[in-house]
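Undergrad: Chains as they are written, first to last, in my numbering: chain S, 86 to 631; chain R, 2 to 370.
If you are wondering where the hints come from, they were derived from the structure by calculation, not from laboratory data.
Here the structure is a predicted model, which is why all the values come from computation and not from measurement.
Check before you lean on any hint, since a few could be wrong.
Said to hold, decoys possible - Only pairs whose alpha carbons sit at most 35 Å apart, straight line, appear in this in silico DSBU-like list of lysine-lysine: (1) S:Lys622 <-> S:Lys573; (2) R:Lys265 <-> S:Lys265; (3) S:Lys530 <-> R:Lys262; (4) R:Lys313 <-> R:Lys329; (5) R:Lys265 <-> R:Lys307; (6) S:Lys334 <-> S:Lys304; (7) S:Lys334 <-> R:Lys329; (8) S:Lys334 <-> R:Lys313; (9) R:Lys329 <-> S:Lys306; (10) S:Lys131 <-> R:Lys4; (11) R:Lys262 <-> S:Lys334; (12) R:Lys262 <-> S:Lys463; (13) S:Lys573 <-> S:Lys103; (14) S:Lys530 <-> R:Lys4.
Stated by the list, open to error - Interface residues of chain S toward chain R, partial, derived using beta-carbon atoms under 10 Å: (15) Ser101; (16) Ser199; (17) Pro582.
For glycine and all other residues, C-beta sits at the position ideal for the given N, C-alpha and C.
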Amino acid sequence: MAGLVTTFGSGASTNSIKDMSDARCILAIGTNTTEAHPIIGMNMRKAVREGTRLIVANPLEIPLVRDADIWLQHRSGTDVVLLMGMMKVIVDEDLMDTAFIEERCENYDFFKDSLKNYPLSLVENITGVPGEKVAEAARLYATNSPAAIFYTMGITQHTHGTDNVIAVANLAMLTGNVGKPGSGVNPLRGQNNVQGACDVGALPNVYPGYQPVNNEDIKEKFESAWGARLNPTPGKTLTEIMPLAHEGKIKAMYLMGENPSLSDPDSTHVREALRRLDLFVVQDIFLSETAQLADVVLPATSFAEKDGTFTNTERRVQRVRKAIEPVGDSRPDWWITCQIARRMGASGFDFEHPSQIMEEIASVTPSYGGINYSRLEKEGLQWPCPTEEHPGTAILHTELFSRGKGHFVPLEYRPAAELPDDEYPLVLTTDRSLFQFHTGTMTRKVRGLNTFLSEELVAINPGDAEALGIDDGDKIQVISRRGEVTAKAGVTESTPPGTIAMTFHFAETPTNELTNPALDPVSKIPEFKVAAVRVQKIGRVAAKTA
Amino acid sequence: MDKITLTINGQEVKATRGMTVLEAAQSADIYVPTLCHYPDLEPYGGCRLCIVEIEKMRGLPTACTTPATDGMVVTTESSAIQQVRQTSLELILSTHPCDCLECHRRERCGPYDICLRHVAVTDRCVVCPANDNCELQQVADYIGVHELRIPRDTMPRTIDTSNPFFDLDRNRCILCARCVRACQEITGVGAIDMAYRGYGMKVATFGDMPLMDSICRSCGECMVRCPVGAITPKDTVLPEREVKTVCTYCGIGCSMYLGVKDDKVISVRGDEQGPANQGRLCVKGRFGIAEFVNHRERLTTPLIRKNGRLVKASWDEALDFIAGKLGKYRGDEVAVISSAKSTNEDNYVMQKLARAVLGTNNVDHCARL
Ligand code: SF4
Ligand code: SF4
Ligand code: SF4
Ligand code: SF4
Ligand code: FES
Numbered sequence: 086m087a088g089l090v091t092t093f094g095s096g097a098s099t100n101s102i103k104d105m106s107d108a109r110c111i112l113a114i115g116t117n118t119t120e121a122h123p124i125i126g127m128n129m130r131k132a133v134r135e136g137t138r139l140i141v142a143n144p145l146e147i148p149l150v151r152d153a154d155i156w157l158q159h160r161s162g163t164d165v166v167l168l169m170g171m172m173k174v175i176v177d178e179d180l181m182d183t184a185f186i187e188e189r190c191e192n193y194d195f196f197k198d199s200l201k202n203y204p205l206s207l208v209e210n211i212t213g214v215p216g217e218k219v220a221e222a223a224r225l226y227a228t229n230s231p232a233a234i235f236y237t238m239g240i241t242q243h244t245h246g247t248d249n250v251i252a253v254a255n256l257a258m259l260t261g262n263v264g265k266p267g268s269g270v271n272p273l274r275g276q277n278n279v280q281g282a283c284d285v286g287a288l289p290n291v292y293p294g295y296q297p298v299n300n301e302d303i304k305e306k307f308e309s310a311w312g313a314r315l316n317p318t319p320g321k322t323l324t325e326i327m328p329l330a331h332e333g334k335i336k337a338m339y340l341m342g343e344n345p346s347l348s349d350p351d352s353t354h355v356r357e358a359l360r361r362l363d364l365f366v367v368q369d370i371f372l373s374e375t376a377q378l379a380d381v382v383l384p385a386t387s388f389a390e391k392d393g394t395f396t397n398t399e400r401r402v403q404r405v406r407k408a409i410e411p412v413g414d415s416r417p418d419w420w421i422t423c424q425i426a427r428r429m430g431a432s433g434f435d436f437e438h439p440s441q442i443m444e445e446i447a448s449v450t451p452s453y454g455g456i457n458y459s460r461l462e463k464e465g466l467q468w469p470c471p472t473e474e475h476p477g478t479a480i481l482h483t484e485l486f487s488r489g490k491g492h493f494v495p496l497e498y499r500p501a502a503e504l505p506d507d508e509y510p511l512v513l514t515t516d517r518s519l520f521q522f523h524t525g526t527m528t529r530k531v532r533g534l535n536t537f538l539s540e541e542l543v544a545i546n547p548g549d550a551e552a553l554g555i556d557d558g559d560k561i562q563v564i565s566r567r568g569e570v571t572a573k574a575g576v577t578e579s580t581p582p583g584t585i586a587m588t589f590h591f592a593e594t595p596t597n598e599l600t601n602p603a604l605d606p607v608s609k610i611p612e613f614k615v616a617a618v619r620v621q622k623i624g625r626v627a628a629k630t631a
Numbered sequence: 002m003d004k005i006t007l008t009i010n011g012q013e014v015k016a017t018r019g020m021t022v023l024e025a026a027q028s029a030d031i032y033v034p035t036l037c038h039y040p041d042l043e044p045y046g047g048c049r050l051c052i053v054e055i056e057k058m059r060g061l062p063t064a065c066t067t068p069a070t071d072g073m074v075v076t077t078e079s080s081a082i083q084q085v086r087q088t089s090l091e092l093i094l095s096t097h098p099c100d101c102l103e104c105h106r107r108e109r110c111g112p113y114d115i116c117l118r119h120v121a122v123t124d125r126c127v128v129c130p131a132n133d134n135c136e137l138q139q140v141a142d143y144i145g146v147h148e149l150r151i152p153r154d155t156m157p158r159t160i161d162t163s164n165p166f167f168d169l170d171r172n173r174c175i176l177c178a179r180c181v182r183a184c185q186e187i188t189g190v191g192a193i194d195m196a197y198r199g200y201g202m203k204v205a206t207f208g209d210m211p212l213m214d215s216i217c218r219s220c221g222e223c224m225v226r227c228p229v230g231a232i233t234p235k236d237t238v239l240p241e242r243e244v245k246t247v248c249t250y251c252g253i254g255c256s257m258y259l260g261v262k263d264d265k266v267i268s269v270r271g272d273e274q275g276p277a278n279q280g281r282l283c284v285k286g287r288f289g290i291a292e293f294v295n296h297r298e299r300l301t302t303p304l305i306r307k308n309g310r311l312v313k314a315s316w317d318e319a320l321d322f323i324a325g326k327l328g329k330y331r332g333d334e335v336a337v338i339s340s341a342k343s344t345n346e347d348n349y350v351m352q353k354l355a356r357a358v359l360g361t362n363n364v365d366h367c368a369r370l
C-alpha cells in the first residue's frame, strides 16, 4: 500500500471491478486470480474472450496462463527488474503518453534516467525471461489503452514489496493508464475486509481515513471527538509486535479473529512470543491454533449473525445483515470490545447498534462522510463519499491524483533477502488454493471443500523431483533456516525448476514455520514469496484418491 | 440509447435497439414460453418453444435469437405456433420421465401417494429436487401436454454424483445446454460440453470423466441455470426466508442471500443485483458458508485459563477479568490486533479502544499477510 501512497497519494484500488470490461489490455502480475479472486478471474476470462489482450507475469504456471497472450515467467522476486525493463522499452520506442506525463505527473526526468540501468540483456539475465518477450509485453501494454493492472501478494510479499508496487504505478503513469475506465492499478484484497480494516484505522500509523497519528492537528481533532488524550507516537506493526512480545516488551495482547500462529512468517517464533505474554485475549468464532494459546477466549458471532459493513477491494462499503441469532452465547465483536471499554470506565462506547458506530466513523473519516445505513440499505457506496449528496467514486484520480501530481520514483533492483545456496538450493514461494481460505479456520470446517484439497501438496517441478528421487505423492520434508515441515509432493510442470510452491491453509503443515520474517522497510510486509529451502524424501505413502 | 417501437399481439411495445424480440416481449410482461434461453447467456435457439410469427418474415422464427427492429409486428400465439410448440415439447418429453406432467393430480401428489398411472417412484416430479421450481413444469402447464405421439426413449442415463456439492442426473436433462454455456461464457472454465450426437447426446466433461476428475471448479454456475432437476444441490431444503448480505471470504465482496430455516443458514444464493458479482459466486461463497456457520465446534461460551486449562466462564467473569488486567499496562506494553475478517464497525471500536482507552497506537491487523 505504501507504494501507491507515494506515487498516487492513495493506496486503494483505483478502478471498479465492473469497468475491467472496458480494458483493452490487462496485466495480471503476481496474482493467481482464478484461485484467489474467482469472480475477477471469471471477468478476466470473459474480457479475453471479448478481445482484451492479457499479459500474465507469474513464476508459476497458474490457470490464467492458458488464457494469456503473453506469459512472463520471471523468477520469483525479480518483479522490479521485469517492470523497469518493460518501461525502458516503452520509453526507448516512444510509446509513453507524453501529454499525461507532462500534465499530471512529476519527477519524470529523474525516473527516466534510472531506466538506463535496465537494458534487456540484464533484464533477461535476472528475470530469466527472454528480452524479446519482455519487449513484446511492453508494446502490448503500451499500445492497447486503456490497460489495467491487477496484483496481489505476489507483488507485495517481498522485502522490496513497496518497490514492486511503485514499479507497477510508474508503468501505469508512464502510459497514461490512470483515471479512466478500464485502466488503473488494482491491488486485489485477500480477505473480505482488508480494505475496510485499513480505512477505519486498524493500522498503527493512521487514524480512520488514513489521517496520520503523528500530525498535531489531526491528533487534536480525534482528542476532542473521543474525549481522550491520545498518544502521538505511531505504533508497531503486527510483524514488529511479535518480536517485541518475544522480548517481553509487549506484555498484553487483545487479538480479534486472526490466526497468526499459522499465518505469520516464522510461526514457531510467533507461538513462543504468544506464550510469553502476560495477558493474551483472543476473540474468534473457533478455537483456532492461536486461541488455544490464550488466557481468555471470547466467542464471537460469525458474519451471518451480525449487522455491519464490509468494504470490498473496489472501495465499496456494503451492508452485512444479521440472518440468524448468535450461535450459543457468542456476541458480535463490536459489542464485546465496547463492553471491555465500558468496564474499564471509558466513555464513548455506548453503541447499541452498528449503525451508530457508522455514524461516528462518518463524522471523523472524511472519505466516509456521506455514508450511513439508510443510504447503504439501497446500495453499496464507493468511497470517497464525503457528503450525503455525493454518489460515491467509481474511479480514483480522474482529474488530479489524490496527492496532486503523480509522482514517478526511480528504482534500484534489490534481490530477495534470502537467495538459494548450496545448503538450501530451492526457492519456496507461497500460493493459494481456490478451495481453502487463509489458515483454513472456516473452510476446513466444510467437508465438501476438504474433498478437493485436504492436505498440503508441495508443488515441485518434475526435474527437481527426479533429481531428489521423489515421486508424486511421496512424503517429503521441507527444511529452511527457520524450521522444517512435512507434506506430500505434488510433481507438476506448473512450477519452474528450482522453485517449490506451498499454501498455508493447513495446521498439519505450518508452511510459515519456513518463511522468512525479513520485512519490507516501508510497508513492513514479510517476505512470503521467497525463502531458501531444501527438500528431502521421507517415505512412500500411497496417494489418496479423492 | 436508441429507442424503437414494435407491436406485439396488437400492443405497442417500446424497446431498446439491441434487444431480442423475446426481451422486448418480456419487458412488456408478455409471456413467451422458453427453456434454453437464460438472461445472461448468449441466445441459443435450441428448444424452439419461443417461436413467434413476425410480419414480413417467413416461417416461425425463435424470439430469443431474433433482434427486435423498429416497426416490427409480432404475434406470440396462434394455432400454427401452438402446434409447433407442442411438437417441440413432445420431443423434449420423449426422453424425460414426464408422466407427471400430463397428470392433473400433480400438484396434490405426495411422495408416498400411490400413483394411479404406475409411474415409477424415481420418475415422479414429487421426488425431484426441482419440483414446483421447474421450468419444464411451467412450460408444459402453459403449452399443455397430451399423449405423446412419438415413442418414449426410456434408456437410463448416467448420474454423476462425484461432486461433493451437487449432482448431475442426466435422466432429467433436457439438453438445453444452459450449463455448458454457463461454464463457457460465465466462468470461462469450459469443463463440460454437449457430447455425442442424436440419441446419445449428453452433457459430459472432456473424456466423459466424472466432474470431480475434470477441470470443474465447483462454482455451481451451471447448477443455478439448469431449468429442471438435472443439476441440483445435494442438500435441497427450501429456506423459510432469505437475508441479503456480503460474502465473508475474499475481498471481492459478492452480494448474496443467506437462506434461513429453523434459525440455521441452509442455503446461499447469488444476488443478481450485486455490483461486484452480478449473481455469480465461487465454490467457497456458494457452498462453503452454511457448514462453518452452523459447525458444532463453534465457540459458544467465554473460556478462561485456570490451572493451565481453558474452562467455561460467564461473560461477566471474562469481561471483568480482562478489564481489570488491561488497565495495568503502560500504552507501549499493549497491542491490539484487529481483523480483516470483521466488519468496519468492529474494527473501528477496536482501534478506538487501543487509542482512546489503552493509550497506544500498537494496533494492526493482518492486511500485510
Ligand atoms: S425436472 Fe423434475 S420436476 Fe421438472 S418435470 Fe422433470 S421430474 Fe418433474
Ligand atoms: S460447477 Fe462451475 S466449473 Fe463446474 S461445470 Fe459447473 S459451471 Fe463449470
Ligand atoms: S443439465 Fe440442465 S442445464 Fe444442462 S443441458 Fe441438461 S437440462 Fe440443460
Ligand atoms: S463468493 Fe467467492 S469470489 Fe465472491 S466474495 Fe466470496 S470468496 Fe470471493
Ligand atoms: S428459448 Fe428460444 S429456442 Fe429455446
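Undergrad: Can you name, in rising order, the numbers of the hints this structure does not satisfy?
TA: Hints 2, 11, 13, 14, 16 and 17 not satisfied by this model.
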